[in-house]
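J.: Sequence:
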Amino acid sequence: MNTSSFLRSVFAGLALVALTSFMTPSDAQAEPLYFALEVRREGRLVAQPKLLGETGRTLRAERRQPGALHSDYQLILTPMPEGKSYRLALDLTLPELRGHSELALLHGQQRKLQLGNFPGELEVSLLLMKVDSPEFRALMNLSETEATTSARPI
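Numbers -30 to -1, 1 to 124, taken from mature numbering (1 follows the signal peptide of the UniProt record, and there is no 0), label the letters of the sequence shown in order.
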């Protein structure tokens, strides 16, 4: 094998490697998401967590009173991108009650879920938004304005 055929083989190999690296789909970037939930048990408000997460990563939240052995609630959300929507797996555990649901949501969509054994036993209202969307920025500005205007002077 002479030098010129060797160099042609090396260049052909490098070109093939470069071509296949561009053709291989890259892993999708994790997209930051905002979740606003309202949890009701038999009509009584139990929790209102507002959480930041991202696609492809499981989000866990738990509320426990100081010194308590058991938590007031445990929440697990797993968001996955699915076309223009998001597929969510939601698991909620309250003392003596559990619920699970899988659903698809669009950006800005809010859904009410019945997770209990009968309607109203365990109800979750869930809102999903893309972080850094115009709707998300508007929601955060609204919250900041409300917080500022509700403060009383000392």
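Derived by calculation from the structure, the hints in this document are not laboratory data.
Check the hints yourself; a few may be wrong.
Simulated pairs of lysine-lysine, DSS-like, Cα-Cα distance not exceeding 27 Å [stated by the list, open to error]:
| # | residue 1 | residue 2 |
| --- | --- | --- |
| 1 | LYS100 | LYS82 |
| 2 | LYS54 | LYS100 |
| 3 | LYS100 | LYS20 |
| 4 | LYS20 | LYS54 |
| 5 | LYS20 | LYS82 |
FRET-style restraints, in silico, Cβ to Cβ [stated by the list, open to error]:
| # | residue 1 | residue 2 | range |
| --- | --- | --- | --- |
| 6 | PRO36 | ARG57 | 33 to 39 Å |
| 7 | LEU39 | ARG107 | 38 to 44 Å |
| 8 | PRO19 | GLU72 | 16 to 22 Å |
| 9 | GLU66 | ALA108 | 35 to 41 Å |
| 10 | ALA38 | ALA108 | 34 to 40 Å |
| 11 | GLU52 | GLU12 | 29 to 35 Å |
| 12 | GLN84 | ARG107 | 29 to 35 Å |
| 13 | GLY13 | GLU52 | 30 to 36 Å |
| 14 | LEU39 | ALA74 | 35 to 41 Å |
| 15 | GLN79 | THR28 | 18 to 24 Å |
| 16 | GLY78 | GLN35 | 31 to 37 Å |
| 17 | MET110 | LEU39 | 34 to 40 Å |
| 18 | LEU67 | VAL101 | 17 to 23 Å |
Glycine included, C-beta positions come from ideal geometry on N, C-alpha and C.
J.: If a hint holds in the structure, say so; if it does not, say that too.
T.: Hints and how they fare:
1. LYS100 <-> LYS82: Holds - the C-alpha atoms of LYS82 and LYS100 are around 19 Å apart, at most 27 Å.
2. LYS54 <-> LYS100: 11 Å, holds
3. LYS100 <-> LYS20: Holds - the C-alpha atoms of LYS20 and LYS100 are around 13 Å apart, at most 27 Å.
4. LYS20 <-> LYS54: Roughly 23 Å between the alpha carbons, so the hint for LYS20 and LYS54 holds.
5. LYS20 <-> LYS82: 16 Å, holds
6. PRO36 <-> ARG57: 33 to 39 Å: Given a distance of about 36 Å, which is inside 33 to 39 Å, the answer is holds.
7. LEU39 <-> ARG107: 38 to 44 Å: Since the Cβ atoms of LEU39 and ARG107 sit about 41 Å apart, the hinted range of 38 to 44 Å holds.
8. PRO19 <-> GLU72: 16 to 22 Å: With Cβ atoms ~19 Å apart, the hint holds.
9. GLU66 <-> ALA108: 35 to 41 Å: 39 Å, holds
10. ALA38 <-> ALA108: 34 to 40 Å: At 37 Å between Cβs, range holds.
11. GLU52 <-> GLU12: 29 to 35 Å: 33 Å, holds
12. GLN84 <-> ARG107: 29 to 35 Å: Holds: the Cβ-Cβ distance is about 32 Å, inside 29 to 35 Å.
13. GLY13 <-> GLU52: 30 to 36 Å: Holds - the Cβ-Cβ distance for GLY13 and GLU52, about 32 Å, lies within 30 to 36 Å.
14. LEU39 <-> ALA74: 35 to 41 Å: Since LEU39 and ALA74 have Cβ atoms about 37 Å apart, the given range 35 to 41 Å holds.
15. GLN79 <-> THR28: 18 to 24 Å: 21 Å Cβ-Cβ, so the 18 to 24 Å window holds.
16. GLY78 <-> GLN35: 31 to 37 Å: 34 Å, holds
17. MET110 <-> LEU39: 34 to 40 Å: Since the Cβ atoms of MET110 and LEU39 sit about 36 Å apart, the hinted range of 34 to 40 Å holds.
18. LEU67 <-> VAL101: 17 to 23 Å: 31 Å, violated
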